[in-house]
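Q: Residue-level listing of the chains:
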Amino acid sequence: MTGPLFPQGGPNMGQPAPRYEGRAKVTGEARYPSDVRLPRTAHACLHLSRIGRGTIRGFDLTAARAVHGVIDILTHETVGDAIRQTPAIYQGGYTSDSLLPLGSAEIAHWGQPIAMVVAETYEAAREAAQRIVVTTAPHPSPAVDINAPGAETRALEPMMVQAGDFDAAYAAGPIRIDARYTTPAQHQNPMELFATQCVWEGDRLTVHEPSQYVNSVKFGLAEQLGVPADNIRVISTHVGGAFGAKGFLTQRTALVAIAARRLGRPVKLVATREQGFTVSGYRAETRQHVQLAATRDGRLTALRHEGWELTSRADTVAMGGASMTTRLYACPNILGRVNTVAADRSTPGFMRAPGEVPYGFALETALDELADRLGMDPVELRRVNDTQTEPVGGLPYTSRSLMRCFDVAAATFGWSGRSPRPGSMREGDWLIGWGCASAYYPAQAGNSAARVRLTADGTAHVASAGHELGQGMTTMMAQVAAEELGVPLERVTVSLGDSDLPPAVVNGGSAGTASVASAIMIACDAIRARLGVPRDAPYAALRAAVAASGLAFVEELGEARAHGRSPESLPDMYRGRALPLGGVELPDRVQFAMGAQFVELRIHRWTREIRVRRAVGAFAAGRIINPRTSHSQLLGGMIWGIGSALHEHTDIDQRNAAYTNANLADYLVPVHADISEIQAILVSEEDRLVNQAGVKGVGEIGVVGVAAAISNAVFHATGRRLRDLPIKLEHLL
Amino acid sequence: MRSFQYSRPSSLTAAAGEMGGLLAQDPDAPAAYLAGGTTLLDLMKLDVARPERVIDLSALRGELGHVHPGATELRLGAFARMAEVAAHPGVIADYPVIAQSLALAASAQLRNMASLGGNVLQRTRCSYFRDPSWAACNKRTPGSGCAALGGVNRAHAVLGTSEHCIATYPGDFAQALLALDATLVLAGPQGSRTLPFGSLHQLPAATPHRETTLLPGELITEFVIPARAWTRRSLYLKVRDRESYEFAVASAAVALDLDGDVVREARIALGGVATIPWRAHGAEDALRGLTLTETLAWTAAENAFAAARPQTHNAFKIDLGQAALMRALLQAASLEIRP
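Protein chains in written order, with the numbering used here: chain A, 1 to 733; chain B, 1001 to 1339.
For the record, the hints were derived by calculation from the structure and aren't laboratory data.
Be careful, since some hints might not be right.
Selected chain B positions facing chain A (in silico; Cβ < 10 Å) [to be verified]: (1) MET1001; (2) LYS1045; (3) ALA1155; (4) SER1244; (5) ARG1338.
Even for Gly, the Cβ is constructed at its ideal location relative to N, Cα and C.
Chain A on its own, in the form it takes in the complex:
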């Protein structure tokens, strides 16, 4: 890689400030939730079901209890009704799935928690958990995946998208593409494991848990335990990666809370890497069907995208990516449909760009197939179908810079040097493939609040229950307050990740920065108004105004309401219900960040290893508050995209739906050697409509489209069109 590691700022971009908590992290001072030391902590270890769907006949806990240091073993027989059945987020509740923790003898899926040991040490808890003997009656033929005979398909009518007359237009289409695609089950595997510590002081509970939404944990736990929410505090100061897996309340938290209450001492659980595969959600496998019709000059006349997504029996969960892939390109006749396929598996959840990664793979590969059929450059195909008006409802985009991204990325990549014929670019024994695809992600925001305090000594403090997942939330919060008030950045401090702070949106859907920055701006406006200090007043004037006020400090709460949310919805954020809204869900407009992905890969002519040699992405996402942390997010996304196309795949045993590669040795992600030259370019874009902050968010868009760019490059290298992910060498032998 040449040039600076990150952009140095530009139009509508802030300063590339270093991470606020960077030093604490690299020196080990940063305390993640499992690092918090509480006196007299007892250690918990889960025991997960080793059968698929079935029934527990009984436990033999003799050997487990005999392990020195074991204190308590929780099973459905001992938990009783200590935990209440509450609705999952998909029914307007808080939990990530509908299974009641240790709720009954019924086992819904392999990997379901069926017991939890509490012991004096982690080692004793783990040894005892391994020694639990369970007698079970397995279901004779559990439905293990999306193709299993016993899985139930259900069409989700509310997710249907329709414009014009698809059938007629497709039938009349001069050029047609009809192709089916599949994407595999994948797991986020954030580096930090799923940990929970609970400590009771009287009737007050404190939870230390890595979370993307401390208030879903707080309010969900209050419902589950029948405890007033005011008595629960959830702290999540640092999160070691989340990617959707730490978004909502999982079964483990209530178990740790009741174990701590039973023992009258703190209890700590750190689920193992393997347990993490079913302790939280994951990206479910999909099947997809895309049909395109186009004129000979490449104009789309019909577009159909239908998806089937695996879900659990307990929860109907769908990422519904067709609602977006049908709104990206000009086309008069559109049909989008989504179906769920319920099987005997754990409930899927959100994984970085949950709908966009699988559906984007299918649509952007289909477009490449169309470009090939037309003999047209794939970049030009996107240009011909570019639009500033969303094709289904005719709504305007708040801003859309797709082709600017393509042009910047194509020029940087050197796309004009491409020899279009498949198999025509070679270097020695290596076939070279170039491919590209669009990236897109809905710009979303949720209701959020932030408190800003300006003190007489000229320092400022920003507080909001947003989350530092490693993405740079802390730095961003400090930067926005510094910029809005005119206080030097080094004089701003930040508190976040604590349910006692003003509530913020769930840090998902790339909505965190847009939402919290807007709230901080409102608070800062209020402070300046109260002090009578105009915008852009010098720092000295600001300090003088605080001094003149006679107050020790001036403090204001900013509450930002997301576009599309009603004023009546604002109090919901104080009840743990601040969810992102945007993209195609608004009545008056659509909001998207856009990007373009280009990939060069090489494939050995005999042994068929596929190696990405370079990747260039260009992204326009409105205002960029911190180019350094944004660039890092985009790079991480692009690397994950390479993994999603070539490496990541959760293996499912067909007998019981066991995940047979539930560890980081066998669940492959790219290593350093897989990533050579990679460039993420921030394309300047200004969007005054999207939200107060003008921010669209960059948390997820970097991963979108990479898989299609890779599959398109594989086609270019070999002439083989591969429609099933991951693409592995055996598919090319």
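Chain A is fixed; fit chain B onto it per the hints.
A: Chain B only, in chain A's frame:
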């Protein structure tokens, strides 16, 4: 992980004596030697290995950690670290397949810890072996069956399998040793002996739990690799699902002695595709005395996999293994060897 007793004897004699004492009391004593720990600790955490006594051999590095590349043979102490051998200029120059097989294995962290002796004795990566919640594993529990036969078996073997076990031998270094006709020096309660490396690993047949011909309590102390006419024209080709830190899907250790384009002698061992380090004698025979062409390399590669038996998900390994061998042979033939 279950509780265990731990000792750290100060010499080879003391270690063998300690193990011998335990075995004299109970021939099936649940005792294990600990070298670099990269296999044993892993399996103990997974509750697969359950030794009650662990004899730590790390003190033996002083007497058995040598790397001696000589004109007639390469002598490697069993406690030399993988990384030390892989980086040794004499090994890289004169025994390239040895250095490459080690450099391409595992990760830098593991290569810095793992010993050579432990490396060749590493256990299979079969998911069903490594997860004791699968009752059926003839390696773990003789007579219990093989869960991998009806399971996810893309990574499993196509050569040397039996109806009792299809687990792949996962290592890389062993193929290099096999191709170069290495000899092992062993020590144990019954004294020292030598063993051709090719006699170390046992086919699973009906007894997959018996993986080697080591006697109870015996351990590897040294590897002796003879320098022959083909040693310097040798290489290790490893095909895998990512560029580093990953086991082979298929690999080939090859060594050639050429007279112009004519093969005077060939040595071939295959990895990633077989239940044990796999010497391809038939492929060697197919090459000997003939001009090495792309066609001949294919013929040899087909020969190497003539007896292959695919499972549900790994039939591709036959094609891939052939392609890897062919590529390795042509690449070895094209090496420029300094006089």
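Q: Taking the hints in turn, state whether each one holds.
A: For each hint, the structure was consulted:
no., hint, in the structure
1, MET1001, "holds (6 Å)"
2, LYS1045, "holds (9 Å)"
3, ALA1155, "holds (8 Å)"
4, SER1244, "holds (4 Å)"
5, ARG1338, "violated (23 Å)"
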